[in-house]
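Top line first, the protein sequences correspond to chains H and D. Numbering-wise, this note's numbering puts 111 at position 111 of the first sequence, and it's gapless, one number per residue. Whatever position you read off the second sequence (first residue = 1), add 1000 for this note's numbering.
These are computed hints drawn from the structure, not numbers from a lab. Please note: incorrect hints may appear among the correct ones.
In the DSS-like style, the derived pairs of lysine-lysine whose C-alpha atoms are separated by at most 30 Å in a straight line are [said to hold, decoys possible]:
1. Lys1162(D) <-> Lys1138(D)
2. Lys1154(D) <-> Lys7(H)
3. Lys1115(D) <-> Lys90(H)
4. Lys1022(D) <-> Lys78(H)
5. Lys1061(D) <-> Lys7(H)
6. Lys1030(D) <-> Lys1080(D)
7. Lys113(H) <-> Lys78(H)
8. Lys1024(D) <-> Lys1002(D)
9. Lys1138(D) <-> Lys113(H)
10. Lys53(H) <-> Lys1138(D)
11. Lys1162(D) <-> Lys7(H)
12. Lys1115(D) <-> Lys53(H)
13. Lys1154(D) <-> Lys9(H)
14. Lys1022(D) <-> Lys1080(D)
15. Lys101(H) <-> Lys1136(D)
16. Lys1115(D) <-> Lys101(H)
17. Lys7(H) <-> Lys1138(D)
18. Lys1162(D) <-> Lys90(H)
19. Lys76(H) <-> Lys1138(D)
20. Lys101(H) <-> Lys1138(D)
21. Lys1115(D) <-> Lys1138(D)
Note that the structure is a prediction, hence the values are computed from the model and not measured.
The residues making up each chain are set out below.
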Amino acid sequence: MSALQDKYKQLIDAANAAGISNLQVSEQGNVLHISGNAPTGAAKDQLWEIYGKIDPDYRAGDLILDIDVAASAGTKAKVTTDSTALNIRKGPGTDQPIVGKAAHGEIVTLQNKTNEQWWLIKTDSGVEGYAYAQYLSPQ
Amino acid sequence: MKLSKILLALFLTAAVSFIGCKPKDSTIQKNIADKFAATPECAGATATVFDGVATLTGQVKDDMCKNTAETTAKNVKGVKSVVNDLTVTPPPPPPAAPTVSPDTALSQGVTDATKDFPTVKATVNNGEITLTGTIKRKDLTTLMQSLNSLHPAKINNQLTIK
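Can you build the whole structure from these sequences, using the hints too?
See below:
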């Protein structure tokens, strides 16, 4: 086992235990890459909590933790912004015009995952568009 | 006459008990199985015993485990010899190299990820994201989660955390 895998062993073990699918652990240029799909948002949060314990300021620059949360079309997701409303945009990018907003704490419906960053969502009031996935947690 | 009968009886008893000292194949087999169960390296190995000869079959993790299983079996009372037919699990293929996004895609992603954090400056070069400026501690994980999902080669975090 490499030194990096040893350093982040607790994280790798937790990823295995949490049932992360397509779990991949590889190294390139002294950076450990851990990627996979978490069954729930809680599983992803748990892994980030462990990462935060090993490297509280994320300063070492030796790990890329790329954990996506599995969510299929029709899944309900909660808007988890800090406090503000979440912009819903015409296309996947912050350069795209805003077509609506979803309030903090509102439940929206996932239409599809365009990529890991942008999800196409629909609000209960019928607004459809792209929202930044970091602020959505599948229920 | 009586004495010789007694002697014969004694001899027979001794002979029977002597034969009784030699464990039966089934007993040896069970003893080996117990030893294997108690030795993690031997996981996957099973032994069959015939006339004191233990034949090991199954698949174990590596060559060391294969040897450990053989030694373990040899040390069991009654085993005359060991035929080691264990196979070793081939090593898994090395993991594929991580995919790193091209700088153009990374730059776009970084712009989106840092939009809500105007005090954060981010540059992208050769797959590496370098962060400077300041951020509130409560926002740090949110920003890092967004950036980590962009498939960068590395993130150099030089942010001042407030």
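Quick rundown of the hints versus the structure:
1. Lys1162(D) <-> Lys1138(D): holds, 9 Å
2. Lys1154(D) <-> Lys7(H): holds, 17 Å
3. Lys1115(D) <-> Lys90(H): holds, 17 Å
4. Lys1022(D) <-> Lys78(H): violated, 72 Å
5. Lys1061(D) <-> Lys7(H): Answer holds: Lys1061(D) to Lys7(H) is near 24 Å, not above 30 Å.
6. Lys1030(D) <-> Lys1080(D): holds, 15 Å
7. Lys113(H) <-> Lys78(H): Satisfied, since the Cα-Cα distance of roughly 15 Å is no more than 30 Å.
8. Lys1024(D) <-> Lys1002(D): Between Lys1024(D) and Lys1002(D) the Cα gap is close to 35 Å, so the pair fails against 30 Å, i.e. violated.
9. Lys1138(D) <-> Lys113(H): holds, 27 Å
10. Lys53(H) <-> Lys1138(D): holds, 15 Å
11. Lys1162(D) <-> Lys7(H): holds, 26 Å
12. Lys1115(D) <-> Lys53(H): holds, 27 Å
13. Lys1154(D) <-> Lys9(H): holds, 19 Å
14. Lys1022(D) <-> Lys1080(D): holds, 11 Å
15. Lys101(H) <-> Lys1136(D): The hint holds at about 25 Å.
16. Lys1115(D) <-> Lys101(H): It holds: about 16 Å lies between the C-alpha atoms, which stays within 30 Å.
17. Lys7(H) <-> Lys1138(D): With a Cα-Cα distance of about 25 Å, the restraint between Lys7(H) and Lys1138(D) holds, given a limit of 30 Å.
18. Lys1162(D) <-> Lys90(H): Roughly 34 Å separates the two Cα atoms, so the pair is violated.
19. Lys76(H) <-> Lys1138(D): holds, 25 Å
20. Lys101(H) <-> Lys1138(D): holds, 23 Å
21. Lys1115(D) <-> Lys1138(D): Satisfied, since the Cα-Cα distance of roughly 16 Å is no more than 30 Å.
Violated hints for the displayed structure, listed by number in ascending order: 4, 8, 18.
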